[in-house]
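> Note that the protein sequences, when read in sequence, are chains A and B. Take 1 as the starting number for the first sequence in our numbering and just add one per residue. Take 325 as the starting number for the second sequence in our numbering and just add one per residue.
Keep in mind the hints are simulated off the structure, nothing from the lab. Since this is a predicted model, take the numbers as computed values, not measurements. The C-beta atom is built at its ideal place from N, Cα and C for all residues, glycine as well.
Under the rule of at most 20 Å between Cα atoms (straight-line distance), these lysine to any residue pairs were calculated in the SDA-like manner:
hint	chain 1	residue 1	chain 2	residue 2
1	B	K537	A	D69
2	B	K601	A	G45
3	B	K537	A	S46
4	B	K537	A	F56
5	B	K537	A	I61
Looking from chain B toward chain A, a few residues come up when the C-beta cut is under 7 Å (computed):
hint	residue
6	N448
7	H450
8	G464
9	L466
10	Q528
11	Q529
12	G530
13	K537
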Amino acid sequence: MTNTITAPAPVPAPVYDCRQVFAEELTALAREDSRVVAVCNDSVGSSNLTGFRDEFPDRLINVGIAEQDLVGVGAGLANGGLIPFVSAAGPFLTGRALEQIKADCAYSGHKVVLCGQSPGMAYGELGPTHHSIEDLSWLRAVADLPVLVPTDREQTRAAIRWAYAAEGPCYLRIPRFKVPDVIPPGAPFAPGRAVTLREGTDVTVIAIGTLVSRALDAARELAAEGISVRVLNTPFVDPLDEETVLRAAAETGALVTVEEATLSGGLGAAVASLVSQHRPVPMRLLGVNGFAPTGDAAFLLEHFGLTAEGIRRAVHQVLAAAVV
Amino acid sequence: MLTADPAAAARYRDLRKATRDGGADETLEVLRAMSTDIRLRIVTMIDRSQLGHIGGDLSVTDILVTLFGAVLDVDPEHPHDPGRDRFILSKGHCAAALYSTLSHCGYFPDAELDTFMAPLSALNGHPNRRKVPGVETNTGPLGHGFPVAVGTALAARLRGENRRTVVVLGDGEMQEGSNWEAAMTAGHYGLTSLTAVVDRNRLQQGARTEDTKTLEPLADKWTAFGWEARRVDGHDHAQLLAAFAPSATGRPVAVIADTVKGKGVSFMEDRVEWHHKVPDQQQVHAAIEELSR
Ligand SMILES: Cc1ncc(C[n+]2csc(CCOP(=O)(O)OP(=O)(O)O)c2C)c(N)n1
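Please model the entire structure based on the sequences and the hints provided.
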């Protein structure tokens with residue numbers, strides 16, 4: 001089922017902004033298919049849609065600062081036979097229009113690709129109103145709405161292609177925090193399919209989005225200490241790859257989840273709920289708890305222990321718990 | 325929570341005495357000096373933080389200065405006095421303008437401004453009422469401050485208090501539906517103690533408001549929702565002062581303040597990119613030079 005590959009070499013990799021891929025891929029899709037339209041909320045620039053607008057001025061709909069309208073209009077465009085990519089800053093798209101996402105997109109089955117820009121704590125200094133950390137919890141609770149958290153350029157491209165071809169709506173987080181390429185070409189990208197980035201036998205770290213490279217760094221450091229860490233990536237937070245996660249619980253006996261999201265309801269909660277019912281093992285959930293203090297994104301990741309060092313600590317803790 | 329700067333608060337008391345008891349000319353002179361000071365603080369803050377929304381900060385300055393300098397009944401040393409007037413900056417991205425005004429009035433020491441958006445600072449990119457005295461409610465997502473202002477004005481009525489509530493909205497922000505829901509509620513209840521000010525600078529984040537989503541005829545919209553609309557030059561303190569006179573019609577008052585985004589710095593004025601562009605060193609010097617003239 002899963003795709004196992006050898007770990008990437010431990011050299012500092014160049015980092016990339018996935019928003020570039022978003023713009024390129026969406027524009028390419030628009031060239032291929034005249035039904036593809038973009039919808040935004042006074043966010044042409046911040047959604048990286050300037051090039052799209054220049055090429056397809058009629059196919060970029062800007063509803064202004066009006067997120068409920070944004071998602072409702074998106075659903076209507078889908079009903080009218082188009083394929084809307086609705087793009088806005090993550091917190092406002094998901095929180096502000098949550099009921100439109102539920103009723104107009106998911107429950108009505110209107111195929112709208114909801115693109116949450118600059119998610120997690122990318123807008124660090126702008127504060128908790130601008131952090132998109134609740135999005136995974138909120139949207140995981142909505143039925144019939146896959147939740148996709150791509151990690152790097154290749155996975156962002158795969159996510160956009162998948163969303164375009166999918167039957168129904170989905171939520172797509174577009175990373176802003178610059179990340180290296182860590183997902184091997186050809187890795188699976190499908191609902192319920194995890195990617196095994198590194199084999200290991202003592203503990204499994206499941207990471208998503210911008211934090212995957214940090215999980216790999218931690219695994220390398222732990223290997224030097226003699227601890228064998230399996231690293232999984234689950235680009236679909238919903239639906240989760242239950243089989244691979246349960247196998248990891250059984251085979252390694254301990255789990256750590258890592259996400260740039262709140263601990264209540266995101267990846268960690270999804271994994272914990274699954275594992276506790278079918279294969280209970282010690283777990284540590286790394287994520288964001290509480291509203292963040294003021295600071296830039298790098299500072300805040302550090303503050304919440306969302307670093308290779310934080311992951312390394314969590315692995316030691318979970319192994320200590322597993323021994324008792 | 326930051327705490328008041330007693331010396332600055334005392335200066336503010338003198339300033340209020342001057343604008344209340346002095347002649348019209350003196351009032352305007354005091355307000356103009358305060359506007360200059362606030363604009364200089366904004367530029368300096370954004371230069372330090374290398375982040376911020378300078379265009380909207382400079383357009384809303386004279387509105388904030390008129391309110392805090394001459395209209396609102398507030399005491400920076402007692403920021404939670406139950407009888408205080410309530411001020412809400414709904415366009416919360418313009419926190420730098422609000423912080424500069426609050427520190428000028430003595431709500432907290434000026435030195436705090438240097439920490440704007442720095443790690444662990446109280447001065448977040450968007451105002452936080454749990455950390456900054458003078459902030460009545462947390463804003464940042466557009467379309468939140470106005471309904472909260474309606475609620476606080478309703479509370480005043482229910483408690484028999486004759487304090488007033490003033491909310492400042494961005495014109496782009498008027499595209500949010502929640503604002504029109506709030507306008508309808510306030511109109512329905514005839515909340516005369518409520519004043520909504522629209523900072524009508526005709527620009528939003530990515531483009532001109534009228535090219536994004538038409539707002540005009542804006543005054544007619546307010547009137548249709550049961551408000552008294554007053555249209556003024558939002559950089560003219562005298563006109564603003566007149567516009568903040570209490571309502572005599574039994575209706576809430578909407579002040580549509582025509583402003584210029586980036587006001588006071590010629591190369592920023594009415595240019596969309598200065599929504600949140602950060603000036604380089606040369607531009608900072610030019611801005612300070614122009615503003616100090
Ligand atoms: C709900 C919501 N959507 C989008 C944004 C992003 N945003 C921040 S400022 C801004 C433009 C605001 O324009 P306007 O209200 O006219 O303010 P001003 O021009 O006075 O700065 C936008 C779209 C936001 N803060 N909140």
